[in-house]
Structure formats: C-alpha cells, structure tokens
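Student: One letter stands for each residue in the lines below.
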Amino acid sequence: MSEKIAVLMGGRSLEREVSLASGRRVCDALTSAGYYVLPLDVTSDLVATLRSERPDAAYIALHGKYGEDGTIQELLEFLGIPYTGPGVVSCTLSWDKSVTKHLLAEKNIPTPAWVTLTADAFKEMGAATALDLVGDAVGGYPVAVKPGRQGSALGLTRVDSADDLADALLAALSFDSSALIEKWVEGVELAVSVLGEGPDALVLPAVEIVPPTSGLYDFSARTTPGDADFFAPARITAQIAEEVARVAREVHAVLGCRDVSRVDLVLDEAGHPYVLECNTSPGMTETSLLPMAAEAADMTFQDVVSRLIEAALSRR
Amino acid sequence: MGHARIVFDRWSDRYSDCIAGVRSSAVRDLFAAASRPDMISLSGGMPAVDLVPAEAVASAAREAVIHEGAAALQYGGSDGRLKTRELVADLMAEIGVRLKPSDLLITAGAQQGLDLLAKTFVNPGDVIITEGPTYVGALQAFSAYQPEIRCVLMDDEGMRMDLLEAELQRVGVRGAKFIYTIPNFQNPGGVTMSPERRRRLLELAREYDIPVVEDDPYGRLRFDGGHMKPLRSLDDEVIYLGTFSKIFAPGLRLGWMAAPKPILAKVLLVKQAADLCGSNFAQVTAERYFQGTRWRRTLAELTRTYAMRRDAMLAALDEHFPPEARWSKPDGGFFVWVELPPYVDCSTMLAEAVERGVTYAPGDGFFPDGRGKNCMRLAFCYASPEAIAEGVRRLSEVVEDRLELYRAFIAAGALPDRKEGAA
Chain A
0 MSEKIAVLMG
10 GRSLEREVSL
20 ASGRRVCDAL
30 TSAGYYVLPL
40 DVTSDLVATL
50 RSERPDAAYI
60 ALHGKYGEDG
70 TIQELLEFLG
80 IPYTGPGVVS
90 CTLSWDKSVT
100 KHLLAEKNIP
110 TPAWVTLTAD
120 AFKEMGAATA
130 LDLVGDAVGG
140 YPVAVKPGRQ
150 GSALGLTRVD
160 SADDLADALL
170 AALSFDSSAL
180 IEKWVEGVEL
190 AVSVLGEGPD
200 ALVLPAVEIV
210 PPTSGLYDFS
220 ARTTPGDADF
230 FAPARITAQI
240 AEEVARVARE
250 VHAVLGCRDV
260 SRVDLVLDEA
270 GHPYVLECNT
280 SPGMTETSLL
290 PMAAEAADMT
300 FQDVVSRLIE
310 AALSRR
Chain Z
0 MGHARIVFDR
10 WSDRYSDCIA
20 GVRSSAVRDL
30 FAAASRPDMI
40 SLSGGMPAVD
50 LVPAEAVASA
60 AREAVIHEGA
70 AALQYGGSDG
80 RLKTRELVAD
90 LMAEIGVRLK
100 PSDLLITAGA
110 QQGLDLLAKT
120 FVNPGDVIIT
130 EGPTYVGALQ
140 AFSAYQPEIR
150 CVLMDDEGMR
160 MDLLEAELQR
170 VGVRGAKFIY
180 TIPNFQNPGG
190 VTMSPERRRR
200 LLELAREYDI
210 PVVEDDPYGR
220 LRFDGGHMKP
230 LRSLDDEVIY
240 LGTFSKIFAP
250 GLRLGWMAAP
260 KPILAKVLLV
270 KQAADLCGSN
280 FAQVTAERYF
290 QGTRWRRTLA
300 ELTRTYAMRR
310 DAMLAALDEH
320 FPPEARWSKP
330 DGGFFVWVEL
340 PPYVDCSTML
350 AEAVERGVTY
360 APGDGFFPDG
370 RGKNCMRLAF
380 CYASPEAIAE
390 GVRRLSEVVE
400 DRLELYRAFI
410 AAGALPDRKE
420 GAA
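Protein sequences, first through last, are from chains A and Z. Here numbering that gives the first Met the number 0 is used: the first residue of the first sequence is 0, the next is one more, and so on. Here numbering that gives the first Met the number 0 is used: the first residue of the second sequence is 0, the next is one more, and so on.
Please note: incorrect hints may appear among the correct ones.
Said to hold, decoys possible - Here are some, though not all, of the chain Z residues that point toward chain A, as calculated from beta-carbon distances under 8 Å:
| no. | residue |
| --- | --- |
| 1 | 35 |
| 2 | 36 |
| 3 | 40 |
| 4 | 81 |
| 5 | 92 |
| 6 | 275 |
| 7 | 347 |
| 8 | 350 |
| 9 | 351 |
| 10 | 396 |
| 11 | 399 |
| 12 | 402 |
| 13 | 403 |
| 14 | 405 |
| 15 | 407 |
| 16 | 408 |
Unchecked claim - Covered by chain Z, according to a simulated footprint, are these stretches of chain A (three or more residues, beta-carbon under 8 Å):
| no. | stretch |
| --- | --- |
| 17 | 111–125 |
| 18 | 191–201 |
Unchecked claim - With a straight-line cut-off of 16 Å between C-alpha atoms, the simulated EDC-like cross-links for lysine to aspartate or glutamate are:
| no. | chain 1 | residue 1 | chain 2 | residue 2 |
| --- | --- | --- | --- | --- |
| 19 | A | 64 | Z | 354 |
| 20 | A | 3 | A | 309 |
| 21 | A | 122 | Z | 399 |
| 22 | Z | 99 | Z | 85 |
| 23 | Z | 260 | Z | 223 |
| 24 | Z | 328 | Z | 317 |
| 25 | A | 182 | A | 131 |
| 26 | A | 122 | Z | 274 |
| 27 | A | 122 | Z | 403 |
| 28 | A | 182 | A | 267 |
| 29 | Z | 118 | Z | 234 |
| 30 | Z | 228 | Z | 317 |
Just so you know, these hints were derived from the structure itself, not from any lab. C-beta atoms are modelled at their ideal positions from N, C-alpha and C, and glycine is treated no differently.
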C-alpha cells in the first residue's frame with residue numbers, strides 16, 4: 000500500500016486557516032497509515048499539479064466556498080480523480096442552507112421556520128419594504144440571521160427584535176449574496192457526524208456544544224480552544240439520542256451524502272430535534288466536532304481518515 | 000456510556016480578569032483568511048524594509064560584534080547604552096529637540112514606551128485622553144491597565160481643541176493621567192496637528208496640569224510642506240516617544256522615551272522589572288548603522304517611495320471611490336483615513352473585500368468605544384503603486400456594491416437614520 004494521496008487544503012475560502020489546520024492533521028494521519036502524501040494548497044496551479052502528479056485519490060480538507068460547494072468536486076470528477084466525501088450534487092445542495100431546508104421540509108424533517116432573501120431581492124425588488132413581515136413569517140423573534148452559503152458560522156447574528164434585523168442582514172450579505180432569517184430555537188446545540196452511506200451508514204455519538212457565556216457558538220468560539228464547552232457524547236437521554244441519530248441519518252440520505260457529513264441540530268426544550276444544516280467537509284482540527292465524536296465512539300482520528308480515503312480509493 | 004466533558008484549555012478559569020476578556024475577533028479571523036498570495040493588503044502598517052540595504056545592516060552588525068565584542072552580548076543598563084542615547088540625542092537635535100543622553104531611555108520600540116507609561120501612571124478607572132481615532136497598539140497597551148479612555152475627534156488640523164477643552168472641563172484639573180497624541184501624520188487619521196493647535200494643546204495641558212505624551216514614529220517621513228516643531232521642542236514637560244522602526248527597521252525593536260527626570264526615574268524602575276535591559280546587540284548595530292551618511296540616503300529613498308505610494312493611493316481614490324466617500328490627504332507617514340456615509344459598517348464589509356482580494360483596517364478598531372464603524376484605514380506604505388491602484392479599484396467595487404444595498408434598505412425605511420460618524 001503506497002498509493003499517492005493529494006491532500007487539498009487552504010485555497011481562497013474565508014476558512015483558509017481552519018482548512019490548513021485540518022489538512023496538516025490529515026497529512027500526518029495518512030502518512031502514518033502508510034500512504035504517500037502530497038499536500039497541496041489550492042492555487043491556480045492546482046490542475047497542472049494534479050495532472051503531472053497523477054494522485055490515486057484526493058482527500059478534500061478544504062472548507063467553505065470552492066471546497067464544499069461542489070466546485071472542487073466537479074473539477075476532480077472531470078480530471079478522473081476519486082475524492083473523499085459527498086459528491087457534486089450533495090455538496091451543492093448542502094452548501095446552500097436554504098435549498099437544504101427546502102429539501103428537509105419536503106421530507107417532513109423538522110427544521111426551524113425561515114425566510115431567505117437575496118441581495119438582488121433587496122437591490123432590484125424592494126425586499127426591504129417587507130421586513131416587517133419577517134417576524135410573523137418565522138413565528139416571532141428572536142431569529143438567527145446568517146449568510147445562505149458560508150461555513151464556520153461566519154456572518155451569524157442572533158437578532159432579538161425587529162430593530163436590529165436590517166444590520167444583521169447587511170452583515171450576512173457581506174458574506175454571501177443571500178441571507179437566511181431563521182426562527183431561533185432555544186435549547187441544546189448538537190453536532191451529529193455520519194460516516195459511510197445508505198442503510199449501513201454509521202452515526203457517531205452526538206456532540207453537545209455549550210456556547211461561551213458571550214452567547215454564540217460563532218467563528219471565534221469555534222476556533223478558540225476553551226471558549227465553548229463540549230460534551231461527547233451529549234448529555235441527552237438514550238431515547239433522544241436514538242431519535243437524533245435517526246434524524247441525522249435521514250438528512251445524510253435525503254441530501255445523498257456518502258463517506259461523511261456532519262448534521263448540526265438544536266433540541267428544543269421539549270427534546271424535539273430541529274436540523275439547522277448539513278456540512279459535507281466537516282472540520283478536522285484539534286477543536287473540531289467530528290474528531291470529538293469519533294473519539295467518543297472509540298475511533299481514532301487516523302481510523303476516520305483511513306476510512307474516508309479507503310472509500311475514495313474504492314471508487315477508482 | 001458516560002458523558003465526557005471535553006476540555007481544550009484546562010486553565011481557562013485561571014487567567015487574570017484583564018486577559019480573560021480578550022477573545023479572537025471576527026476581523027482578526029478574516030485577516031487570517033487574507034494570507035492568500037493573491038491578496039492585496041492595504042491593512043498593515045509595515046515599513047518597506049526591502050529598501051534598507053541588507054549589506055549595510057550586515058556590516059553594522061558585524062562591526063558591532065567585532066569591535067564591541069562582549070558588550071554586545073552582555074546585559075546592559077536599563078536605560079540603554081550611553082552611545083545609543085547619544086545617537087538619539089543627535090537625531091532629536093535634528094528635529095529641534097535639545098536633549099542630554101540622561102533625558103533618554105531606550106525602549107523595545109515605542110510600543111514598549113506606551114506599555115511602560117500606562118503601567119507607571121494608570122490605575123483601573125483612571126482617565127486617559129487620546130485622539131479619536133487613535134493608534135490601535137496604544138489602545139491595546141493602555142487597556143491592559145483598565146483605564147477609561149476618552150477620545151477627542153480630529154479634523155484636518157488634528158485634534159480639535161474645542162472638544163479637548165470640553166473634555167478637560169469635564170475631568171477637571173489633574174483629572175486625566177495623560178493626553179496621548181500622534182501629532183505628525185497621525186495613525187490612523189493621516190492628519191498633522193497645526194502649529195496653532197500644538198501651542199493650544201500645550202496651554203491646555205499646563206492649565207489642567209496633565210502630562211502630554213507625544214508619539215512621533217512618522218515625523219521624519221514628510222513628503223510635502225515644512226517641518227513642524229515637535230511638542231517636546233515647545234515644552235520640556237512633554238513625554239516624547241520615538242522609534243527606529245520607521246527610519247531604520249522595526250525588526251531591531253528599538254525606540255526611545257524622553258521625559259522629565261522624575262517620570263523617567265519611575266519608568267526606569269518599571270522597565271527594570273519588565274526586561275532588565277533592552278537588547279545591547281540591537282543597540283550596537285544601530286549605533287554603527289547610523290555612522291556616516293548612508294542612512295540619510297536610505298531614509299530619503301524610503302520617504303520618496305512612500306510619497307509615490309501615497310500619490311498612487313490618492314489618485315486611485317479620486318478615480319474610483321464614490322462621491323459619498325471622504326478621505327484625508329496626508330503629507331507624510333503611512334495611512335489614509337477614509338470615511339463612508341454614517342450608515343455603512345466597514346467591519347462587516349471586510350468579508351466582501353477579502354472575497355474580492357483586498358484588505359483594509361476597519362475604523363472601529365481605532366476607537367475605544369465602538370465609534371468609527373463607517374471608516375477605514377488604508378495603508379500605502381507596503382504595497383507597490385500598481386498594487387495600491389488595483390487594491391483601491393477592487394475596494395471601490397465593494398464599496399459601490401455595499402452602498403447600493405444600503406440605499407435599498409434606506410429607501411424602504413428599513414435602516415434607522417444614523418448621524419454619528421467620526422473625523
């Protein structure tokens with residue numbers, strides 16, 4: 000076994016630094032597992048490098064735009080290089096939170112009520128004149144306002160009253176051309192990682208996130224060790240854990256995911272899970288949620304990475 | 000199955016109150032994303048050290064080690080080497096400030112001077128008066144000692160004396176620990192305090208019996224107009240901070256402080272506790288580098304280069320920026336301060352700018368109180384004129400796009416009217 004694996008990391012996304020951290024750990028794990036590892040920062044030389052190096056597979060350690068939105072997946076399909084993680088369609092659907100929520104709602108998978116508004120709807124169609132309707136549309140304040148397509152909670156704001164809605168929308172629209180306004184569900188934040196696909200998919204124990212006292216599990220809290228608290232497995236009953244796992248598996252299936260995904264949910268006070276989003280390239284850093292979940296399931300980081308790359312290699 | 004709590008930092012409840020509150024900011028994280036090679040940075044105030052002749056520095060360091068030998072490698076006095084202080088006294092004489100070496104203390108950059116002054120003067124809750132906006136490193140240095148920072152807005156002639164006087168009336172005689180000012184090519188404002196304002200500032204400081212701290216890193220980087228007298232040359236009660244970072248190189252970490260004798264003695268005690276003494280190696284290297292006249296040619300070259308970059312930035316702003324924007328026109332230094340309409344939030348706009356491949360420093364970081372959101376600081380010191388022109392062009396697209404969005408919100412009456420801005 001000495002297949003050549005290109006580890007794709009960095010790139011132009013706003014999550015570049017997180018991706019470089021994920022990528023370095025993945026490189027170490029693949030090297031220990033006996034692979035020949037080719038670490039690649041994603042630049043305009045990427046295609047030329049992949050063509051000359053001809054790796055057996057690519058490990059996608061990219062996060063955010065171009066790494067999770069189907070761009071790199073489509074490119075690797077074209078170059079005939081098998082890659083880790085969900086395929087083009089799943090990535091494209093999952094990257095857009097609004098599309099994801101529409102698909103979940105169609106399948107009666109609970110997701111908080113929401114409204115999506117694009118920058119063009121504001122600029123060209125006067126959408127700002129309808130902001131007074133938002134509260135009723137989603138069932139009242141508080142709401143979460145976030146970019147339609149962005150990772151690591153960048154651009155996320157909790158809005159407690161209609162007065163602050165416009166500023167939050169303008170902030171979110173700096174990160175993407177669409178913004179989501181979503182009913183804020185008060186409760187326990189959970190991240191559930193799923194490995195594999197189909198009926199055999201393995202759902203890892205839910206990780207519970209206790210946001211810092213400052214409020215949000217936002218980008219800073221995600222990247223500052225010790226800022227948020229985590230429990231893995233989550234402090235929930237076996238019955239709820241089972242229900243959460245069932246929902247996560249269903250989300251993974253509805254979006255057509257394979258290999259890996261991380262479903263973010265919130266449990267309301269009655270213990271009902273609401274799905275917020277699905278990530279197709281979950282963080283793999285020291286403080287990331289998927290590695291925590293794996294550890295709670297007695298899997299090492301290396302087990303997870305090996306499993307993902309073997310799945311990619313099997314598609315050669 | 001147990002529910003394991005996952006702990007990344009088991010000391011998180013042990014840190015001091017003034018440090019525990021410091022969190023990674025969204026802006027810092029966006030800058031992390033900005034490490035991409037194709038990014039044009041108009042955010043950092045890095046000197047153009049590539050123009051400092053490496054072989055001149057190498058021979059200065061070599062001579063220093065050979066001729067000074069053990070002294071370069073040994074501990075030294077907390078106030079710095081006598082020869083270095085003599086060099087600084089000569090440099091200060093050139094800008095009209097007469098000092099004896101005993102009036103001076105060598106510091107690790109002017110930044111250490113800021114920390115030492117705050118540590119020497121400030122109890123929690125004490126008032127410090129600064130310009131608004133002001134140097135973010137000063138705000139950081141001061142904040143560790145938990146002062147109440149009051150900032151005084153500026154106009155094209157620097158700190159507004161009517162507003163300073165009003166503030167002094169509020170705090171009263173000796174009601175603030177010091178007044179901090181960057182009179183030349185202010186960071187981030189880009190403005191220079193007029194001679195009349197300088198005299199008025201010193202009068203007010205005397206009247207209210209509050210020391211003035213004059214931070215002058217950019218004074219010798221003047222492109223247009225005549226030299227302006229440092230505050231310290233008009234009043235020897237002024238505490239003056241200088242630095243080698245802009246006339247030589249920041250990597251040496253060498254600066255200086257001139258202060259009245261009793262203050263200097265106190266600061267010296269504080270400095271002993273902080274670092275025993277500065278780097279002798281850096282000091283002997285600087286002494287050698289400033290022998291002869293070559294450094295003057297290098298400084299002239301640096302100044303010419305910064306002037307060309309300033310010209311490139313102002314021309315690009317004129318060409319590309321929308322009529323709603325206003326900006327300062329600095330006669331020297333590193334920075335242009337841009338003010339957008341009061342409803343624009345430049346912190347959140349940064350994400351879009353990074354996406355388009357350009358960075359700037361959002362204005363609210365330069366205020367202690369959240370003001371300045373509609374402003375940004377653009378640095379012309381580091382990028383080439385071509386990169387500056389392209390960076391400003393990219394940024395203008397971001398600004399236009401944001402303004403269009405804001406206009407849509409305003410037309411719908413969806414944005415509260417905001418009048419407050421900043422100079």
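Student: Taking the hints in turn, state whether each one holds.
Tutor: Hint by hint, here is what the structure shows:
For the restraint placing residue 35 of chain Z at the interface with chain A, the shortest Cβ-Cβ distance is roughly 6 Å, inside the 8 Å limit, so the hint holds. Interface restraint check for residue 36 of chain Z: the shortest CB-CB distance to chain A comes to about 7 Å, inside 8 Å, so the restraint holds. At a threshold of 8 Å, the smallest CB-CB gap from residue 40 of chain Z to chain A is about 15 Å, leaving the interface hint violated. With a least beta-carbon distance of about 46 Å to chain A, the hint placing residue 81 of chain Z at the interface is violated under the 8 Å criterion.
At a threshold of 8 Å, the smallest CB-CB gap from residue 92 of chain Z to chain A is about 47 Å, leaving the interface hint violated. Taking 8 Å as the C-beta cut-off, the interface hint given for residue 275 of chain Z is violated, the closest approach to chain A being about 32 Å. For the restraint placing residue 347 of chain Z at the interface with chain A, the shortest Cβ-Cβ distance is roughly 4 Å, inside the 8 Å limit, so the hint holds. For residue 350 of chain Z, the interface hint holds, since its Cβ comes within 8 Å of a Cβ in chain A; the closest pair sits about 4 Å apart.
With its C-beta approaching chain A no nearer than about 5 Å, residue 351 of chain Z sits inside the 8 Å limit, and its interface hint holds. The interface hint given for residue 396 of chain Z is broken, as the beta carbon of that residue sits about 13 Å from the closest beta carbon of chain A, more than 8 Å. For residue 399 of chain Z, the suggested interface contact is broken, since its CB lies about 11 Å from the closest CB of chain A, more than 8 Å. Given the 8 Å rule on beta carbons, the hint for residue 402 of chain Z is violated: about 11 Å separates it from the nearest Cβ of chain A.
For the restraint placing residue 403 of chain Z at the interface with chain A, the shortest Cβ-Cβ distance is roughly 6 Å, inside the 8 Å limit, so the hint holds. The restraint placing residue 405 of chain Z at the interface with chain A holds, with a minimum CB-CB distance near 7 Å, inside the 8 Å limit. Taking 8 Å as the C-beta cut-off, the interface hint given for residue 407 of chain Z holds, the closest approach to chain A being about 4 Å. Using the Cβ-Cβ criterion of 8 Å, the hint placing residue 408 of chain Z at the interface with chain A is satisfied: the shortest such distance is roughly 5 Å.
With 4 residues carrying a beta carbon less than 8 Å from a beta carbon of chain Z, the stretch 111–125 of chain A meets the three-residue requirement, and the given coverage holds. Counting residues of the stretch 191–201 of chain A whose C-beta lies closer than 8 Å to any C-beta of chain Z gives 0; at least three are required, and the coverage claim is violated. About 10 Å separates the Cα atoms of residue 64 of chain A and residue 354 of chain Z, which keeps this hinted pair within 16 Å; it holds. Our distance criterion of 16 Å between C-alpha atoms is met by residue 3 of chain A and residue 309 of chain A, whose separation comes to about 12 Å.
Between residue 122 of chain A and residue 399 of chain Z the alpha-carbon distance is near 12 Å, which keeps this suggested pair within the 16 Å criterion. A C-alpha spacing of about 8 Å is found between residue 99 of chain Z and residue 85 of chain Z, which places the hinted pair at or below 16 Å, so the restraint holds. Taking the CA atoms of residue 260 of chain Z and residue 223 of chain Z, the gap is near 35 Å; set against the 16 Å cutoff, the hint is violated. A C-alpha spacing of about 11 Å is found between residue 328 of chain Z and residue 317 of chain Z, which places the hinted pair at or below 16 Å, so the restraint holds.
Simply put, residue 182 of chain A and residue 131 of chain A have alpha-carbon atoms about 15 Å apart, close enough for the 16 Å limit, and the pair holds. In summary, the hint linking residue 122 of chain A to residue 274 of chain Z is not supported, as the alpha carbons are separated by about 57 Å, beyond the 16 Å threshold. Straight-line distance between C-alpha atoms of residue 122 of chain A and residue 403 of chain Z comes to about 7 Å, which keeps the hinted pair within the 16 Å bound. Of the pairs offered as hints, the one joining residue 182 of chain A and residue 267 of chain A holds, with about 12 Å between alpha carbons and a cut-off of 16 Å not exceeded.
Between residue 118 of chain Z and residue 234 of chain Z, the direct Cα distance comes to roughly 24 Å. Violation of the 16 Å bound is thereby established for this hinted pair. For the hint pairing residue 228 of chain Z with residue 317 of chain Z, the CA-to-CA distance comes to about 31 Å; that exceeds 16 Å, so the pair is violated.
Violated hints for the displayed structure, listed by number in ascending order: 3, 4, 5, 6, 10, 11, 12, 18, 23, 26, 29 and 30.
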